[in-house]
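For reference, the chains in residue letters:
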Amino acid sequence: MTVVPADRPRRAEAKAAGSDAASPRRPGRLRGRLAALAFVAPLIAYLAAFYLYPLYRNLDLSLRDYTVRSFVSGDAPFTGWDNFRKVLDDPTFGPALRHTLVFTFVSIAFQYVIGLALAVFFNRHFRLAPTLRALFLIPWLLPLIVSASSWSWMFNSESGVVNYALHVIGVDPVGWLTSPDWALTSVIVANIWIGIPFNLVILYSGLQNVPAELYEAAALDGAGAWQQFRRITVPLLRPVSAITLLLGLVYTLKVFDLIWIMTKGGPGDSSSTLATWSYQLGFGTLLPRFGPGAAVGNILILIALVFGLLYIRVQRRQEA
Amino acid sequence: MIPSRRTLLAALAAVGTLASLAACAGGSDSSGASDAGGGTYSFWDPYPQFDASSAWGKRVSRCGTKAGVTLKRTAYDTTDLGNKALLAAQQGNAPDVMLVDNPVVSTLVEAGILNRTSDLGLDTKSVQQNIIGAGTIDGAAYGIPIGANTLGLYYNKKVLSAAGVDPASVKDWNSLTAALQKVRSTGKKGITFSAIGTEEGSFQFLPWFWGAGADLKELNSAKGVAALSLWKQWVDDGLAPKDVLQNTQTTSWQEFATGEYAFGENGTWQLGNADKAGFDYGVINIPAQKGGSAPVPTGGEFVTVPVQKDTARYDVTGKIVTCLTSDANLLASDTTLTYVAPVAAVQAEQVRQNPKLKPWVAAVAAARGRTSGGLGTTYPTISQPLWTAVQAALSGGKSAQSALDTAQAGAQKG
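Residue numbers (the UniProt record's numbering), protein chains in the order written: chain Z, 1 to 320; chain F, 1 to 414.
Quick caveat, the hints were computed from the structure, so don't treat them as lab data. Every value quoted in this text rests on a predicted model; they were computed, and no experiment measured them. A hint or two may mislead.
[Unchecked claim] Okay, the calculated bits of chain F under chain Z, using three or more residues with CB under 8 Å as the criterion:
#1 185-198
#2 381-395
[Claimed, not checked] Cross-link-like lysine to aspartate or glutamate pairs, in silico, DMTMM-like; alpha carbons within 20 Å at most:
#3 F:LYS413 x Z:ASP82
#4 F:LYS309 x Z:ASP75
#5 F:LYS309 x F:ASP119
#6 F:LYS398 x Z:ASP181
#7 F:LYS413 x Z:ASP89
#8 F:LYS188 x Z:GLU158
#9 F:LYS413 x Z:ASP90
#10 F:LYS125 x F:ASP138
#11 F:LYS398 x Z:ASP90
Don't be surprised by glycine CBs; every beta carbon is placed ideally from N, CA and C.
Full structure from sequences and hints, please.
See the structure below:
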């Protein structure tokens with residue numbers, strides 16, 4: 001770990017020195033600069049219009065006391081951290097944060113393990129493997145509203161196919177989406193199913209880069225399948241795994257539509273996460289509460305940002 | 001020189017694109033606000049199920065033509081419409097005429113974006129008081145109800161007669177529960193409703209809540225607890241399915257339409273579907289706890305006129321609204337929408353044309369606006385804790401009492 005902080009400034013210096021050396025002070029240089037700027041301008045305009053401004057607006061919303069009236073007239077008084085304090089004091093905050101973390105980490109863990117198992121399986125290049133692999137991508141190709149609605153029908157406590165299967169093997173029906181003990185589990189199961197293809201694809205492509213000779217050599221040395229997996233596959237997949245996990249983390253943190261379609265965060269708030277709660281505050285009632293809604297959204301962005309920075313850091317370390 | 005010319009071209013293209021974008025934005029703005037005489041007027045409603053070729057779509061465009069303008073109709077999902085209206089008002093391009101769900105009216109009035117009907121010279125005298133109540137704030141009406149709908153109990157005649165239940169014997173909660181038990185003993189299912197965690201859930205719970213005599217200002221009163229206990233007992237005893245927690249009014253209707261259920265709590269708007277369900281059905285009013293009809297919440301939209309910068313537009317707008325809501329024209333509007341008219345004379349005519357509307361007219365007469373009685377924009381802050389409490393109790397997470405205690409605490413915080 002100590003290598004990284006020592007390494008970073010050095011690389012920055014090197015870059016600065018390099019760019020200085022490469023800029024001879026010729027008159028044509030200015031035109032080149034302008035050209036460069038012109039090429040960057042669309043990107044900057046895009047970023048400003050679609051990232052910076054919305055972010056700024058969201059921050060502004062969360063720091064002002066917006067009522068429906070001041071939302072329309074645009075003169076909401078600045079109230080500092082009031083909305084955040086209100087949100088943090090709300091009895092919904094604790095459960096929502098806990099559900100967000102459970103939802104995210106359990107989903108990721110299962111998605112990764114199942115994705116890896118399938119990737120290793122398909123890496124054996126048996127007949128029909130490409131076809132089967134393509135079939136596994138279906139959850140990814142379906143619009144989320146379709147998968148979420150299908151899961152919600154399958155989990156229906158009265159007429160769902162899951163309870164019917166349980167009935168056939170003689171187990172009592174479970175209130176998958178209607179019992180506070182099961183609702184979160186049900187949405188996690190659906191989310192795992194949706195996330196497996198992503199893990200499968202990335203890990204599979206990572207496996208392609210592991211040289212086959214290593215396995216042959218290991219086999220000659222008498223390593224069994226499990227040892228080959230543990231001593232070759234896992235270490236060589238580490239960079240790909242780190243990126244898969246961190247991207248998955250950021251994707252899963254913000255999952256909203258799946259939960260909203262399946263349970264609306266209910267029953268009660270037993271499956272509400274920060275994302276659904278933010279929507280609920282802002283748009284879920286007849287009287288929108290934009291300020292607190294935006295505050296919850298910002299907290300979520302902050303959490304995602306922490307993981308984003310972690311991702312960049314891991315990436316840097318791998319490049320170094 | 002060639003590269004630099006290319007650069008220049010690229011820069012020009014970039015600037016050109018941006019400028020044309022700006023021009024587009026400017027263009028749409030100015031066309032929205034100007035030309036009061038003739039031209040295009042905008043009209044929003046929450047009926048995406050009706051397209052331009054439907055009877056409703058044709059009615060709307062005819063009203064525009066009669067007023068001498070083109071009426072551009074946009075249909076939004078009903079849950080979307082309130083927020084869309086707020087955003088549009090913020091951007092200064094609210095529509096000329098907007099149909100909104102009645103509890104949204106007070107929110108929009110609070111936002112200061114609706115005109116009083118009296119300021120537009122519109123006549124609301126003949127409209128029934130309990131129906132226009134939802135759109136009346138501090139004694140002034142801010143919209144005209146296009147029609148009203150409400151909730152009743154649909155029943156499946158075959159299921160009831162097989163269980164030996166006479167629908168006329170269902171007069172209060174006890175007789176209803178007894179009927180449900182009889183039905184269950186024949187292997188059929190009792191009752192389905194919608195207890196979803198949205199406004200729909202509160203809407204469906206209110207007849208029972210009010211039928212116990214409870215008041216929205218005190219959710220955790222003994223009467224409120226009695227109402228929630230009734231629902232909880234039904235679900236716990238299997239008289240109502242567990243999935244009422246997920247049911248919207250549409251999915252609840254689909255359950256009832258399977259023919260497996262004796263009763264379904266649903267609205268006037270399902271009458272058309274009921275005829276297609278393929279079994280004999282009837283409708284009774286939702287009973288109050290100790291007999292008689294429970295007060296039901298009014299559903300249905302108000303025709304409202306959002307504030308415009310260009311006040312010259314109001315003349316034409318007034319003509320359009322009158323075309324849609326005058327007594328003479330309501331009959332056609334409400335027949336198209338399967339709504340009960342908000343005017344007694346028109347109701348009588350509706351019942352004459354379609355006797356099936358009779359129980360609904362009675363129910364509407366006994367209905368209350370959710371935002372009536374001075375609740376206004378405090379209703380949403382009560383309704384949300386209320387549906388959360390219903391969910392908490394029915395899912396088995398909490399007792400009726402403790403769920404409503406939490407709800408009351410939440411409602412008081414606002």
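Consistency of the hints with the structure:
1. 185-198: holds (count 3)
2. 381-395: holds (count 8)
3. F:LYS413 x Z:ASP82: 15 Å, holds
4. F:LYS309 x Z:ASP75: Roughly 18 Å separates the two Cα atoms, so the pair holds.
5. F:LYS309 x F:ASP119: Cα-Cα ~15 Å, so holds.
6. F:LYS398 x Z:ASP181: Holds, because 12 Å separates the two Cα atoms, which is no more than 20 Å.
7. F:LYS413 x Z:ASP89: 12 Å, holds
8. F:LYS188 x Z:GLU158: 13 Å, holds
9. F:LYS413 x Z:ASP90: 10 Å, holds
10. F:LYS125 x F:ASP138: 16 Å, holds
11. F:LYS398 x Z:ASP90: 19 Å, holds
No hint from the list above goes unmet by this structure.
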